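Here the protein sequences come in this chain order: A and B.
Counting in the numbering used here, the first sequence runs from 9 upward without gaps.
Counting in the numbering used here, the second sequence runs from 9 upward without gaps.
No lab work stands behind these hints, which were simulated from the structure alone.
Hints are not guaranteed to be accurate.
Selected chain B positions facing chain A (Cβ under 8 Å, derived; list incomplete) [stated by the list, open to error]:
#1 Y14
#2 K33
#3 L59
#4 G79
#5 D80
#6 N173
#7 E248
#8 S269
#9 D282
#10 Y288
#11 D340
#12 L468
#13 F491
#14 A493
#15 R494
#16 A498
Remember, it's a predicted structure, so these values are computed and weren't measured experimentally.
Backbone N, C-alpha and C fix where the C-beta goes; we use that ideal spot for every residue, glycine too.
2 protein chains.
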Amino acid sequence: MSLSPYWLRDNCPCAECRDPRTGQKLFQITDLPDGLAVTERSEAEGHLTVLWSDGHRSRYATEWFEQAAEGDGRTEEGKRLWVAADFARGLPEADWSAYLADPAERVAVLGAVRRSGFAVLRGVPVAEGEVLAVARSFGYVRETNYGELFDVRVEPQANNLAFTNVAIAPHTDNPYRDPVPTLQLLHCLRNEAEGGDSGLVDGFKAAALLREESPEDFAVLTRTPVPFAFRDRGTDLRAEVPLIGVDALGRIREVRFNNRSIGTLRGLATAELDAFYAAYRRFAAITLRPELQLEFRLSPGDCLIFDNVRLLHARTAFEQQGGRHLQGCYADLDTLASTLAVLERRLAVLDTLAGLFEGEGAGEYLGEDVTMAQHMLQAGALAEADGAPEHLVAASLLHDVGHFGGSGLELMRGNDNRHSHTGADWLSRHFGPEVTEPIRLHVAAKRYLCAVEPAYRAGLSEASEYTLRVQGGPMSPAEAAEFAARPGAADAVTVRRWDDRAKDSAARTPSFEHFRPLLGRLLGLDG
Amino acid sequence: MSLSPYWLRDNCPCAECRDPRTGQKLFQITDLPDGLAVTERSEAEGHLTVLWSDGHRSRYATEWFEQAAEGDGRTEEGKRLWVAADFARGLPEADWSAYLADPAERVAVLGAVRRSGFAVLRGVPVAEGEVLAVARSFGYVRETNYGELFDVRVEPQANNLAFTNVAIAPHTDNPYRDPVPTLQLLHCLRNEAEGGDSGLVDGFKAAALLREESPEDFAVLTRTPVPFAFRDRGTDLRAEVPLIGVDALGRIREVRFNNRSIGTLRGLATAELDAFYAAYRRFAAITLRPELQLEFRLSPGDCLIFDNVRLLHARTAFEQQGGRHLQGCYADLDTLASTLAVLERRLAVLDTLAGLFEGEGAGEYLGEDVTMAQHMLQAGALAEADGAPEHLVAASLLHDVGHFGGSGLELMRGNDNRHSHTGADWLSRHFGPEVTEPIRLHVAAKRYLCAVEPAYRAGLSEASEYTLRVQGGPMSPAEAAEFAARPGAADAVTVRRWDDRAKDSAARTPSFEHFRPLLGRLLGLDG
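Next comes chain A alone, as it looks inside the complex (with noise of 0.2 Å):
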């Protein structure tokens, strides 16, 4: 295998060059020798191990060259393109009310947001300003000056004809901006006209179908910026960008399409300006074709999400008298994929743990009488039964999970295996120090109450007395005195003494999924 030694190097994972806590490079890539080069490099238990030509060490899992790229989910790539009759069972749709109860709704939403470019959410209460309520339950609204949010609805002097009755044709909204809005949100408060239909059009798709056609025609408006423009008594806002963004590798990536709003291309030559007119004529004819236009109709309630750089949507006119008001607010698309990843590694983790429980968790526990699970269970359950609050129940039942992963045998063989630390790193990727600070305390509580309390370690089991030794012994007087001031160390004294007594095997134990809703909560699961 030829490895590229800067980039090799760049990615080296070690406290030294990464911070464990927010892994951000602590080096600059300037400070890297010239002529870097790998000295020595072997391989053994899945890892990859290098000895550089500056002395630094550098220790990779083997499984980590293996990884695929990630992406950023936001080319044509990421997406799944659509014509209408892909949703002839329907639209990508959730009540917001399940949406927010139930984590794996809003994961069903802003996945289909991302892949699809939208959902409806339904039921949202028929009240003004609810609209911010729905961009803030993953993100962040992007006030600009159309307010933080805007009305459309039939306005008398109007400086957008978004706020008239006119049919407006498939367009993205505020092209004139750089950074324009990437995600729309139209919620309906009142539509009684007639007329005032919805309608989508995936605009990657109809990029899609204009490079296929006229592979040429694509070119040409990938390469010719555009000057967007508007302006009224207090704005003047321009952008000048292709109506169709590629990435460096030519993918699709963003779509600005709004006739309304563009204004003098000049600077080309006739030829260039023709081309560039035939190309805009052909893109403008796909997006207009009916198989693409995905039509409904938004009722009171409902609010409409989508990716403003890659859907254009459109209304049908309507009676001018007609009662027709919608509310919308602009957020963007990153917030949005960061909220979905959050939330799928939340539930992995809920899983994750329920995997350990039942399938490691099984095994013996360091010479007990009882297993490793039903240990964490039974420390979960006295804390629950003793009326702890909920980050402790929480830090009783999972204090141990740094011993799964075989590492406990370590302990066993006299090797302190830091189990406290590296359960609590792990799990605070995930929860809160209120959970992970007195899962890392708990080892040093039990040298800290074996210190203090003679009686203490009178009781400790026989293998806990064992390991005693092992982690350290009992604390110095000033050992003491010091991890008694440390913050967290009062609950780690109590999540210890749930650990003590969590050893009965004939006690009854609940079983994992009795804890998932509690740690649901404390992962921030239920909205």
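Since chain A is already given, all that's left is putting chain B on it; use the hints.
Just chain B, lined up with the frame of chain A:
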């Protein structure tokens, strides 16, 4: 002159094609027929008139063809690239109170951010949250996972190295966002630490140097998507974008540079990785050249505003306990540019009005004994003397601007020049309806008063009696009733009475400059 037909037609300025109020196009590009062609063209009186094959007629001012491309000022072409020595005589800066009070100071500061990428405001109140007021003076705050504002100081459990005391090499912020915040503000509340100085580097200059010295390295960085990432317990942000972003014409438009948050490039061959890392190291080395480092120290009350997709910012290390506290927030360049353009437009309209009063306004006023300027200045002065609110003083002062441009002659030749509408339309690009609508109605108010007050008509000047007939004569009773019901009719009648009295050749008349501050306030120029 060969003209591209669809381009020409897409720019037809007629009211059928383009909403006069919003300037937005009223047709779709697909509404134009295939094979559209010019049937007839003729040039006369500074206009090109075109008859189209579909029967439409368009009329273009000849000078419109001469206008230069505006651009959005976001690529290197719209910038002044710099090295540190360019600021040897001082940074672009202003006092916060002067910035608030004087629109010319605001233009200077915002213009510096636009062209040079940064400016410093001095004397911003040393209080938490004031940085938000600075951002809101020209735009909107962009909320992120760091909050609406963030504190840059040493934090015990920092999720980002910014919140520690280590040195930070030149970088841009939040490269793992798309859209990335395009502006950053840093407001110094405290800086007593040894160290903790600030540095800025012009990333566009560094990129231009790379292109000059090593075009292939430049090309590699523009075409390699880099996976930026940031993760903490509640965040999982990713953006895959090149270090140097160029527009469709190859102009530098965006720089993202942050070694801390570059993830693992995958899917590239070893040779490609070698090429990327060689280019990246060369670019990084350029950003560290001493001649590019602009170094300064922020003192309490200083607020640095800078372009986060162009400038790299840095700070030196500082003592852990030294007391350094900045507050920051993000905002966006598009709105800053809009605010700047509107300010410039408003300052320009005052100069245009001053020029009209001094130049053309010195000419004859339709057969009266006073000049046009004297008449209008007198009307404004009468309103002021009567204690009228500012918007009515302005309406009186400006009521006849529609006569400028020589169109008053038309009226005296017996053709209604609709000067009230012409004036109101032009002014409404800048002034609110409280100023423009009484102007729009001031001719109607004369016809109304003639209908309802016989004594009023008897008092009209000879010239005014003549133009009354051209303008349609006194209103019928039905017209008068309809007029009286219109919003703003009462204000128009009030303005009309000042108008009628303002024809005294013996009166002392203030100059236009007397009214400039009042007009500035109505234009929102007093901050």
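Discussion item. Is the interface hint satisfied for D80 of chain B? The criterion is a beta-carbon contact with chain A at less than 8 Å.
Written reply: 4 Å, holds
Worksheet item: Should the hint that F491 of chain B touches chain A count as held when the rule is a Cβ pair under 8 Å?
Response: Result: violated, 18 Å to nearest chain A Cβ.
Worksheet entry | Evaluation of the interface hint that places S269 of chain B against chain A, nearest CB under 8 Å | 6 Å, holds
Fill in: Hinted contact K33 of chain B with chain A - closest CB pair below 8 Å
At 5 Å from the nearest chain A Cβ, K33 of chain B passes the 8 Å test, so the hint holds.
Practice prompt. Answer holds if the nearest beta-carbon of chain A is closer than 8 Å to that of N173 of chain B; otherwise answer violated.
Written response: This hint is violated: N173 of chain B lies away from chain A, its Cβ roughly 14 Å from the closest one there, beyond 8 Å.
Practice prompt. Would you check whether G79 of chain B satisfies its interface hint, that is, whether its CB is within less than 8 Å of any CB in chain A?
Written response: It holds, given that the least Cβ distance between G79 of chain B and chain A is near 6 Å, below 8 Å.
Worksheet item: Taking the closest Cβ pair, is L59 of chain B under 8 Å from chain A?
Response: 19 Å, violated
Practice prompt. Grab the minimum C-beta distance from D340 of chain B to chain A and call the hint holds if it beats 8 Å, violated otherwise.
Written response: Hint holds; D340 of chain B Cβ to chain A Cβ min 6 Å, cut 8 Å.
Fill in: Interface hint compliance - Y288 of chain B to chain A, C-beta minimum distance less than 8 Å
6 Å, holds
Discussion item. For the restraint on A493 of chain B, tell me whether the closest CB of chain A is nearer than 8 Å.
Written reply: 15 Å, violated
Worksheet item: Taking the least C-beta to C-beta distance, is R494 of chain B closer than 8 Å to chain A?
Response: Violated. Min distance 13 Å.
Worksheet item: Would the stated hint for Y14 of chain B survive a check requiring a Cβ distance to chain A of less than 8 Å?
Response: 4 Å, holds
In summary, the numbered hints that this structure violates are 3, 6, 12, 13, 14, 15, 16.
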